[in-house]
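Protein chains in written order, with my numbering: chain A, 1 to 669; chain B, 1 to 212.
Heads up, a few of these hints could be off.
Partial pick of chain B residues on the chain A-facing surface, computed with a CB cut under 8 Å [stated by the list, open to error]:
1) Phe-108
2) Leu-138
3) Ile-139
Quick caveat, the hints were computed from the structure, so don't treat them as lab data. A virtual CB, placed ideally from N, CA and C, is assigned to each residue, including glycine.
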Amino acid sequence: MTPIFATDINGLLLALAVLLAGGLLCLLAGPRARLAHLLGASTAALASLIGLTAALPALSVAGSQQVALSWPAAGLNLALTLDPLAAFFLLPIFLLTFCGALYAIDYLHFPARSWRAGLHWFFYNTLGASMAVVVLAANGLVFMLAWELMSLSSFFLVTHDYQEEKVRQAGWLYLVATHIGAAFLFFVFFEASRVAGSLDFASFAALRALPVDATLLLFFAALIGFGAKAGLFPLHVWLPDAHPAAPSHVSAIMSGVMIKTALYGLLRLLTWLPPIPAWAGIAVALLGITGALFGIAMAATQTDIKRSLAYSTVENIGLIFLGLGLWLFCQATGHEQAAVLALVGALLHIWNHSLFKGLLFLGAGSVVHATGKRELSALGGLLRRMPLTGSLLLFGAAAISALPPLNGFISEWLLYLSLFNAGQDAAGGAAFFFMLLAILLALTGGLVVLVMTRLLGVALQGEPRSAAAAEAHESSAVLIAAMSIPAALCLLVGVMPQLPLQGISGPLLTLLAPNHAPTGSPLLPPFGPAWSLSLLTGLAALVAIVAIRTWRRRNASRLATWGCGYLKPSARMAYTAGSYSQFAQDTVFCSCVTPTGASTRGPALFPPPAQFGQERLDPALTRWFLPLFGKLAERAYAFRRLQAGQLSIYVLYIFIATILLLGWGIMAP
Amino acid sequence: MNTPPNLILLFVILFNFFILGTSRLNTCIRSVALQGALLSLLPLFLHTLTFHTYLLAVGAFVLKGLLMPWLLFRAIRQVKIRREVEPRIGYIPTLLLGALTTAGAFIFGDRLPLLPEHLHSLFIPAALSTLAAGFLMLITRRKAIAQVLGYLMFENGIFIFGTLLAETMPFLVEMGVLLDMLVAIFVMGIVMHHINREFSTLNTEQLSLLRE
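The shape of chain A in the complex, shown without the other chains:
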């Protein structure tokens, strides 16, 4: 019944095979770092290209293609399915894997003889392959296997610089968080297989007969499990530590696509479950907008450029969850139009975020590569020293700030449209609720601009704040090329939105079909040729104006930035990152997200030596999770006595357990 297009899914199998074989070859290369480096980068890039060409046509082909390797005796069914929803996620996965591999060629440096290159590329290729298998899996076992493989390989990539204490801590936090999430996912799949009778996704259609409470149990367990990976608000705690700790191309992949696989899991689950009650949709939307506001507020106070970007990821995941929650709510309450708009907005934002966040992390990596610093207080003046990298970073910042000719604008506009549409349909308090969400969304958007101008204004403009920043060099052509790919796609999506929207229609139907008969084409904003043409004209005009102005000023004398008439301005006179966000911090933010600082200057007759320090701890981690786990550890400590450390005692446990099981065995029937 399902058509089998041999070339497509076989192309993906080929890509997976190349990735895995490449990873193993890198290990075999042993301590020959240069060989492993080239092997790893080339196989990853090659496999990604194969995967991209195979996944692209599947986006618009309705129906699914399957391959299965079945072993009934062991109860195994290693099945993969390619359908539009899977292809939708495969595209960014392979795209960023390609860009990351390209980027890493010049970004990573290994000693001539060391195992680290081989290990790095082994885990990199494994991560790429396991992400692809996660979205292709057609069986709960395959899914969880790939999921765990993904978590482990990304853990080893995060701890690339394992000599640093902070990196090890970040890796550890990530490992703990991701495994707690996985425990919830195991529950989801075992519970689903108990109802459906098998772990095959094909049999999960039986879940549609679930009563409401069982549905909600599965849904919220999955929300916790997938939310821990995606970085949904209270569960995001690993993210701001892990992203700065990882090498930048790994941060780009993790933030750009790996956490999106969690969204895939949630969306896939929603295709099996019966309709979710409206209040659950509201809960998801509220979590999403809370996370967005929280994430962007935290991003505004960070001094580490990559940590700030990581919090911005929390914000964007919040926006995507807002869209998903709106979709669920509007679908349950009958606002068809708003539901479709919200879902399209969320889906498009998944793509968009992987593009511009990938670009920003790669750009931040170039800055780190050029200066060796991640602290904003040590950067500055980089736009003059690295004009191409700086321009690409500005480009990414414009995209993430949802400025019109670029892609972020499209998806956020769709979210606004959905809110307004639902607000118009709804009556009374409900309408107010939607307007409130729209206002909060606008507040988030404003803060994004603040965060991005702060990051790039401090890092790229003004005078260099350290010797390292003053001696920064432009990135190599390979790095620039790797960053240009997502940048070009950002522009493409922004200028010709009808292309990605056409691409999304396939997964859209997959997601809407279980609950709705597709009712014609949804009313989307007029993103036709007129839109592209007017944007392109505007863009051309802008370029022309800038060119003319630059040409006119060619003879203007060049003085230090923000010189304000002084002849010898120094970086100490310019705004710092802290002072730039001070106003927002003091007037807008809740006190829980502001940095906690200690100043030693006290009342004294003569000026004593003064010190000032600030800490930017994540309130969700320090106020909720650490105390919670501390309490749990206290309780659980009693069990340590069981761990006697003597073999005979452990054998005794086995013996007692065996006796009890035997006794239970004859008592039970």
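Dock chain B against the given chain A, drawing on the hints supplied.
Showing chain B alone in chain A's frame:
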């Protein structure tokens, strides 16, 4: 009740108690070997005499009755350990526990859903009580070599179960039993060697430093 298999199994159970009660390591090794040798006769009485049965019997006899005691005596000579078992709890309590588990094995054996020809035979109780005696050896003895003996008794118990299945699942049983045994000898042999070398004692309690 007076059939040869039941007689053998009776001796096996008696050997269990003898091994649990004796303090001499040499006697222990000999008894475990004798127990294994006795068990190797079981398939001959139980099944029709085919090549398969002979193979099982001869293989078990050579391994359990000859090879293992030889290896264990050699190990004792090489690492020069004291010829005592060094129990963690006394011999009398161990024997009492052994009696309790044997009684439990008889009670439990009657309640299992078995084939009619196996019902009320000594097979299941003997197998279970030998397993339990092996467990007790593992738990109550300090010396690694006594724990190897416990492991071997364990294997003897499994072998009794296995002979019941030998005809329906040919080779699966003996493969499992023999493989397990070889693993036991090799692993424990290597472990003993290393414990002796690293800690200059074969007392496994010293290993508790490794628990964290």
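So, going through the hints one by one against the coordinates:
1. Phe-108: holds (6 Å)
2. Leu-138: Check passed: Cβ of Leu-138 (chain B) comes within 4 Å of chain A, closer than 8 Å.
3. Ile-139: Given a least distance of 5 Å, the restraint on Ile-139 (chain B) holds.
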